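2 protein chains.
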Amino acid sequence: MRVLLSILLIASATMANAQSMNTLNLMPVPKSLAVENGRFQLTAGFAITVKSDKKDSILLKAVNRMFQTLNRRSGLYFRQEIISPEDHQDSAGMIVRVKQKAAMTIGVDESYQVRVTNKQLSLDANTTIGALRGLETILQLLSLDEAGFYFPLVTIQDAPRFVWRGLMIDVARHFIPMEVIKRNVEAMAAVRMNVLHLHLSDDQGFRVESKLYPRLQSMGSDGAFYTQAEIRELIQFAGERGILIVPEFDMPGHASSWFAGYPELATKPGAYKPGMPYKIDRSKPVSVMSVMQLIQTTPFPSFNPVKESVYNFLDRFIGEMSALFPAPYFHIGADENNGVAWKQDSAIVAFMRKNKMADTHELQAYFADRVQKLVMKYGKKTIGWEEVFSKNLSRDVVVQVWSPMSPPSLAQQIAAHGNPMILSKGFYLDLFMPASIHYKTEFPSDGFLGGEAAQWTEIADAENIETRIWPRAAAIAERFWSPKSVVDVTDMYRRLFIISGQLNESGLMHEANYNRMVSRFAAGYNDHAARTLMDVLTPVKGYKRLFGLMAQPEAVSYPTAPLVRAADIARIDPQVKWAFRNNVSEYVHSKSAGSERAIRDQLVIWSANDKLLEPLFKSSALAREITEHSKNLSALSKACLEALDMMQAGKKPDAQWLTGKKQLLESAKGTYGEVELSVLPELSSLITGQWSELPESYPVF
Amino acid sequence: MRVLLSILLIASATMANAQSMNTLNLMPVPKSLAVENGRFQLTAGFAITVKSDKKDSILLKAVNRMFQTLNRRSGLYFRQEIISPEDHQDSAGMIVRVKQKAAMTIGVDESYQVRVTNKQLSLDANTTIGALRGLETILQLLSLDEAGFYFPLVTIQDAPRFVWRGLMIDVARHFIPMEVIKRNVEAMAAVRMNVLHLHLSDDQGFRVESKLYPRLQSMGSDGAFYTQAEIRELIQFAGERGILIVPEFDMPGHASSWFAGYPELATKPGAYKPGMPYKIDRSKPVSVMSVMQLIQTTPFPSFNPVKESVYNFLDRFIGEMSALFPAPYFHIGADENNGVAWKQDSAIVAFMRKNKMADTHELQAYFADRVQKLVMKYGKKTIGWEEVFSKNLSRDVVVQVWSPMSPPSLAQQIAAHGNPMILSKGFYLDLFMPASIHYKTEFPSDGFLGGEAAQWTEIADAENIETRIWPRAAAIAERFWSPKSVVDVTDMYRRLFIISGQLNESGLMHEANYNRMVSRFAAGYNDHAARTLMDVLTPVKGYKRLFGLMAQPEAVSYPTAPLVRAADIARIDPQVKWAFRNNVSEYVHSKSAGSERAIRDQLVIWSANDKLLEPLFKSSALAREITEHSKNLSALSKACLEALDMMQAGKKPDAQWLTGKKQLLESAKGTYGEVELSVLPELSSLITGQWSELPESYPVF
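Those protein sequences? They're chains B and U, same order as listed.
Under the working numbering, residues 116 to 816 are what the first sequence spells out, in order.
Under the working numbering, residues 116 to 816 are what the second sequence spells out, in order.
If you are wondering where the hints come from, they were derived from the structure by calculation, not from laboratory data.
Keep in mind the model is a prediction, meaning the values are calculated, not measured.
Glycine included, each C-beta is placed from N, C-alpha and C at the ideal position.
Worth double-checking, as some hints may not be accurate.
One-sided excerpt, in silico: chain U residues whose CB lies under 8 Å from chain B [to be verified]:
#1 166
#2 170
#3 263
#4 385
#5 633
#6 676
Within a straight-line C-alpha distance of at most 20 Å, the following computed SDA-like cross-link-like pairs (lysine to any residue) qualify [said to hold, decoys possible]:
#7 B:297 with U:294
#8 B:297 with U:298
#9 B:170 with U:333
#10 B:733 with U:333
#11 U:176 with B:733
#12 B:297 with U:261
#13 B:176 with U:782
#14 B:733 with U:297
#15 B:383 with B:398
The following block holds chain B by itself, in its conformation from the complex:
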């Protein structure tokens, strides 16, 4: 019976309502927070008065959205149905005061103050955008206890550390439908991010409609692209949530999809079609080194930088897109151009010689400079990935630092040169790192506008992308917003999973799609047991999966290869692992009875689980990939139960037992089906009695 109860309790263990007085359930943590005893009780009479520019429709919509979310979470059926500028009761439960109507721009005043007394909530902001941030904070303050829904009494003074708090989504490799993008925008707003950077073109697809050059989308994609009407609607939707949409069109490399319809832009003559430009020799073993070499030596499709007609084309194209995307920034990519195709072209070589260019890096600088001038002509600032940096680079260009291979001093060099920067190095979500790794990433120098989390989509699609981005991006959002001194990883995880639950309630699909994918994986067999196993697996970290995928014949066809393997489903930072780790920590350090009970109950479930999955493993090839993990989880759980029994009996494990279990632990470290067992450090702690710290970092390659 105890086992049964614990199973039922475990599900919500980490959602416990215990709050820290220093951070409550807020994410990101505000600049300054003071908490007093007492509460503001939420009742059906709750009403809001807005004091602002009456034409501030963004503010009014946001206040109404917040009001509806409160209504939905509490089920209170508020008597005030809709908040209009005419509601002007000073005694209302909440007062919103905004000095100045403003749209989202980089550098707009995003500060706000929230004060909760037992009579009233007040939100004060200098601008609309500050108020939007404050409304999200108020939603996160909503609490529930035996006396019902309430707000704790707080005084919050808040403002972001950085003005640029972005998320980049690659919609080129796998197309990401508009409703998924919108759900991401809503989640971003909840954690006070403010820039959605869309990587709109790459070798595999051109994803936005050009009316001037319609073959870009018609021949450069499989039919999946955003129409201009959809883009305009997204920009409005995001703008209403205080989020800027920044477009990226990657050039001169990563550009096959442009050339499908317009081969005359390319260095080498056509025909081109969208797709992965790698040709991997699969008759030999594929390694990190061989892929690296390929990347350095393949003449990738790239723009021809010496043809004036190319710049004429880009002039008109950038003009069209600058009008479509009102943001004052325009990202031109400029990454990973190895110059091989250029070196093979005699006209380009002659041009370089004539212009005394020492290498293709100088030619790339020339290309970037030409494009940057076109962007400037349309009143925009250029952004480029770090390869855009060169000694003569205009100081107007924003440089996005990203590569794990570039020297740590790069940021200082760029700062010294005077270019503003955005940091993505350390925030690549597609490297499958736990949130803590991103959270611990500090900015390497001054000169940063802020940072961007980045989700590339070679191995993410419409169904699993939310499980890849969230909730980890919320920890990164905190790094970008909160003071540098906010670094408590344990408290971050406590709040992260609470926020994750709220994002689920608000409509984000990271939980729902995980469950859907696990159900498909279970194929009509034991869904629950499949979930129990999947809940503690995590994809292999770094670029191993991507490089592994490149070695498979089916990898060539990104858009059609089904992302249905365990490695596509398993969470990157599983909540079950952290809940278990917390219990093991408590047990190892204090031997508390509560932690031992929780651990034992979890171990009983895991030790029984492998048996339950046998019929699935017998039938499904997809499931069979992770058989070893299932066996190891069950066997190690049994070993841990034995260890706990011995501990309880005051017995020491004999050397032979310990050696056997250590061997088991060692062999369980293997990667099967490109996933790993995430709870090995904790199982190891229980077997050896030694607390296992987690690594401070993991290799990227």
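Put chain U on the given structure of chain B with help from the hints.
Positioned in the frame of chain B, the structure of chain U alone reads:
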């Protein structure tokens, strides 16, 4: 330990792969099905050849969608990436042969043949639409066992019983976003439905853009409506799945939203605004009778039938909408017009007198006739709800039979008059009846084109509508497609929950949104225990909820009232109840050890559950509504365990025990929070040892 295992097993108990040889996992059941021993094995080499009109893009897209679904479910990474008309290998794993390219129309040949041998699948159809139906059947044939994914060897000859197999969704009371509509279209296609009837206007909202009369949507809605571009996209999306979109604009009653922008159309002068037109006196108790009386005596907003300017307006409007919606049918509503407003207008009364109209029914017939002629002018056939029927009604008008209060002979009368009919009586999904009730509904006469399941949305919204429609609509789809002789309710439920799982895997949100709503309901407390309870609750049947809602002040504001109560979340026909019922049936009839074990395990979970929910009940007012059900479920489960123990010990329960438990059963029949405990008949069987048949019907009022 046994308890633990059973918890984990229960989750997938009803998804067991046992198939019936008569129906396999097919829903709807085909006209003729022969199964042989053997299999066609699905491998990565699986490829498809399509032999048809090369320009049949609907067919080709459908074949590719099916191919991708097979790929996704099996994870096989098929070597043939995309199926094009150029693939012409006769030895391909599957051959699709279609004689004639065709778009969906009512009466198009929807027949098809599927033959699976151990070498090849073949699908033959006279038309594209028949092929679409066959592709869905093939997907449902996909099976998995220890030798992997395969198709059983079958010969299927199939054609629908009825040409009209519809689903009506009311998008007026609560706006239903386009992505939700599209998901419904995909689910409809999976069960071979072919008409989506959109109820686009009602008192509470006008939900489609008119360019001629833009105040219809701008003043007649809260801003939530479909643009014409979205409608066109939906029509194409649905057309590609063999589904016709039939628009309804309800008139002369149910029309407040028209009058918000165009009050001159109404019988009484403005101002109007969209919303519920009832004014319920809440100082007195509200009953079914009092609401009925209100419906009969309120002068509801209605079109003025004697103004020529009204018909001029409708002429232009119907012209615009007829062009937007290419379907050859146009639904004009014509329901529930009580004529009270008309009787209060002297000009109308004079018109009736002058034209010798005996009552407002004749005036409504006049109005309908005028509108029908306008519809005909634009080349369309009129559809109206049954109130459109009158003695001089044009035989071109299709009559939709719906009302639980109209005489059973109505259909015969209409048939005798010669009008085609659509049956919705018996298929109202918003009455919260189990699927079996709809499934057992037979057509009352000849003369039916088919039927329509109907989902009104006074108390359904974007979040819960899929949980309301699905999977029950699949049972109705079978009634419309399969031979009349297919009536096995037990086998229907077996297949229904398999199909439901497939719909979940394909992206329908009926499972995901249920989980999301339960999580919100659990409010950070024990999610799992909340789900265990919610899984056996079901909303009170019939119109009780709707009438109850009308009695609440907050009900006036449909669009903003949060649908977050247990009654908004609980499933209408819970799978857990049917799984439990099957076990109880087996136990009562055969006393098998397997069934007893499964029952005991479920009872142990239920008996422990109430305790786990105590903290939630203490805090959440929404949860507190269902406290009694929780207590009763746990108490009755304990009683059942006692009964099983006595039975095992060969003891008879003493009279006092039995009396006490029967009292408990009786009191557990209560409705709390507008939900009921669905497993009472089964718990009763275990306590009394008597098998409890379910009612053949439930009262609607």
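Evaluated hints:
no. : hint             : verdict
1   : 166              : violated, 23 Å
2   : 170              : violated, 17 Å
3   : 263              : holds, 7 Å
4   : 385              : violated, 21 Å
5   : 633              : violated, 10 Å
6   : 676              : holds, 6 Å
7   : B:297 with U:294 : holds, 12 Å
8   : B:297 with U:298 : holds, 17 Å
9   : B:170 with U:333 : holds, 18 Å
10  : B:733 with U:333 : violated, 59 Å
11  : U:176 with B:733 : violated, 34 Å
12  : B:297 with U:261 : violated, 42 Å
13  : B:176 with U:782 : violated, 47 Å
14  : B:733 with U:297 : violated, 36 Å
15  : B:383 with B:398 : violated, 27 Å
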